[in-house]
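J.: Each chain is listed here by its residues.
There are 2 protein chains.
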Amino acid sequence: MDRGLAYGDGVFRTMAVSNGKPEFWLKHMAKLTADCAALGIPAPDAAALADDARQLLQGESQAVLKIIVTRGLGGRGYKPPDPATPTRIVMRAHWPAYRPEMATEGVAVRLCDTRLGLQPRLAGVKHLNRLEQVLARDEWSDPAIAEGLMRDSDGRVIEGVMSNVFMVKDGEVMTPDLTRCGVAGVMRGLIAESARVVDLTLSELRGADELFLTNSLIGLWPVRQLDGQAYAVGPVTQRWAASLAKLRATSRDEFPA
Amino acid sequence: MDRGLAYGDGVFRTMAVSNGKPEFWLKHMAKLTADCAALGIPAPDAAALADDARQLLQGESQAVLKIIVTRGLGGRGYKPPDPATPTRIVMRAHWPAYRPEMATEGVAVRLCDTRLGLQPRLAGVKHLNRLEQVLARDEWSDPAIAEGLMRDSDGRVIEGVMSNVFMVKDGEVMTPDLTRCGVAGVMRGLIAESARVVDLTLSELRGADELFLTNSLIGLWPVRQLDGQAYAVGPVTQRWAASLAKLRATSRDEFPA
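Residue numbers (numbering that gives the first Met the number 0), protein chains in the order written: chain P, 0 to 256; chain G, 0 to 256.
Warning: the hint list may mix true and false statements.
The list makes no distinction among identical chains, and a pair is therefore deemed to hold if it is satisfied within one copy or across any two copies.
Subject to a maximum C-alpha distance of 20 Å in a straight line, what follows is the list of computed DMTMM-like cross-link-like pairs (lysine to aspartate or glutamate) [to be verified]:
| id | residue 1 | residue 2 |
| --- | --- | --- |
| 1 | K65 | D198 |
| 2 | K245 | D44 |
| 3 | K168 | E253 |
| 4 | K245 | E104 |
| 5 | K168 | D208 |
| 6 | K168 | D51 |
| 7 | K78 | E192 |
| 8 | K125 | D1 |
| 9 | K245 | D176 |
| 10 | K78 | E138 |
| 11 | K65 | D1 |
| 12 | K65 | E100 |
| 13 | K125 | D176 |
| 14 | K245 | D198 |
| 15 | K245 | D112 |
| 16 | K78 | D137 |
| 17 | K78 | D208 |
These are computed hints drawn from the structure, not numbers from a lab.
Since the model is a prediction, treat every value here as computed from it, not as a measurement.
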């Protein structure tokens, strides 16, 4: 009966756990709170979530921590209950088997046919309505392809199925505007502060000097190939990869002891 | 861990139960099968669903029957498991307290600000990604407003938050095209066979002689007011209301004994 299942009425976070601690805990909590606010869901108590996480992560070194917050039970049909009593779910999963060379040598990606519909009211939010990503990810099964790039219904390049995308041109770092659709990840936030946020056509993307992808688990993957077109793992990409790696390590201290 | 919660990776049906039997069982099963196919989910066995329903409806006269089918567990992130082992959930709920005059005298509706994103791959499908409806329904709490009308991101009138919409102009029945977005309900299907499927602007809608809404629970509600503009409960609306009422009664015989 939970509205999370009935309507996808909720949000989630996926966090890397290393050395037994979630990375970027405070940033993830801030994003969770902001995403809850976007849906009008009262955000759960961060201290309670930290307790849940600590309990789940006992004796773990490297893992994935996932938090789901739904609007909970009730309401009349689509009408949200007021006040809502949110459901919080905290889960631990195995660390995915990413090969180390994906981060160093880069990955091959493809362009997806499935488009992202425009929905400014949900843009940027990591909510539970993810069928567009499911359809896009189902377009290929070749394990040599690590990720797919998605465009919106007007043709702008927006993001990867499970990652944010960055391009470098003449030394400048650019990343797509996510005010119409897309998911604004924590890793993206770290780089976007010093990047130009743009509308990006496919031909602009193809003309990039460097391309890379980010999310909380992979950190940064250079793109070495997009549908057959090759890209170098360039200096800007390498600098950001090194910066993110350092930031990830430091960020473990954010987790409340 | 179910993908229905994680991604809204599934579909659902909402059926009226009268005289202890679900209405339009075969049409709902056909739509469920088609919607599952649209997502690549193996459709559950209709005989098993009928068994579930019979069990839940013992001793019930008027109720709501809801069926959720998700892709079940598994997969790697967004990538669907292959083969999938779907989850089926069959639920009974109380009949909603709709006042009888809503069907005879009509209802007041409003125009929603929340737009429907364009997503041809999911258009028509009653899937579990329903945040647009949740946001739209949350726009008003005045109980005198029974429904809200939604436009797509390009401004075309598509549907009600929980219903399909029809307009009558010079005796002709028209209903919006649902190939870009929207949910094609079973009631809509009954009328759409003899209606013209069109792209509908808001000003065309405002110029209608008659307006009405349909879904499996309400059957047909005439619209007597749209944001202050009054409409008559006209002859075409009344004819369709009478036809649907008869069809609903007959359709109970479709349910396997």
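J.: Now, for every hint given, state plainly whether the structure supports it.
T.: Structure-based check of all given hints:
1. With identical chains, the CA atoms of K65 and D198 are never at most 20 Å apart, being 31 Å at best within one copy and 42 Å at best between copies.
2. For the homomeric pair K245 and D44, neither the shortest alpha-carbon distance inside one copy (29 Å) nor that between copies (53 Å) is at most 20 Å.
3. Taking identical chains as interchangeable, the C-alpha atoms of K168 and E253 are never at most 20 Å apart, the minima being 34 Å within one chain and 63 Å between chains.
4. Taking the closest pair of Cα atoms, K245 and E104 come within 20 Å of each other only inside a single copy of the chain (19 Å); across copies the shortest separation is 67 Å, beyond that limit.
5. Taking CA atoms no more than 20 Å apart as the test, K168 paired with D208 passes inside one copy only; the shortest distance there is 5 Å, against 57 Å between copies.
6. For the identical chains of this complex, K168 and D51 are neighbours neither inside a copy (43 Å) nor across copies (59 Å), given an alpha-carbon limit of 20 Å.
7. For the identical chains of this complex, K78 and E192 are neighbours neither inside a copy (37 Å) nor across copies (31 Å), given an alpha-carbon limit of 20 Å.
8. In this homomeric assembly, K125 and D1 come within 20 Å of each other (Cα to Cα) both inside a single copy, at 18 Å, and across copies, at 17 Å.
9. In this assembly of identical chains, K245 and D176 lie within 20 Å of each other by CA distance neither inside one copy nor across copies; the values are 26 Å within and 52 Å between.
10. With identical chains, the CA atoms of K78 and E138 are at most 20 Å apart between copies only, with a shortest distance of 9 Å across copies and 34 Å within one.
11. Taking CA atoms no more than 20 Å apart as the test, K65 paired with D1 passes in both settings, with 18 Å inside one copy and 13 Å between copies.
12. When the C-alpha separation of K65 and E100 is checked against a cutoff of 20 Å, the pair qualifies neither within a copy, at 25 Å, nor between copies, at 48 Å.
13. In this assembly of identical chains, the alpha carbons of K125 and D176 lie at most 20 Å apart only when taken from the same copy (15 Å versus 30 Å across copies).
14. In this homomeric assembly, K245 and D198 never come within 20 Å of each other (Cα to Cα): the closest approach is 30 Å inside a single copy and 54 Å across copies.
15. Taking the shortest alpha-carbon separations for K245 and D112, neither the intra-copy value of 36 Å nor the inter-copy value of 44 Å comes in at or below 20 Å.
16. When the C-alpha separation of K78 and D137 is checked against a cutoff of 20 Å, the pair qualifies only between copies, where the shortest distance is 6 Å, while the shortest distance within a copy is 32 Å.
17. For a Cα distance limit of 20 Å, the shortest separation of K78 from D208 qualifies neither inside one copy, at 48 Å, nor across copies, at 30 Å.
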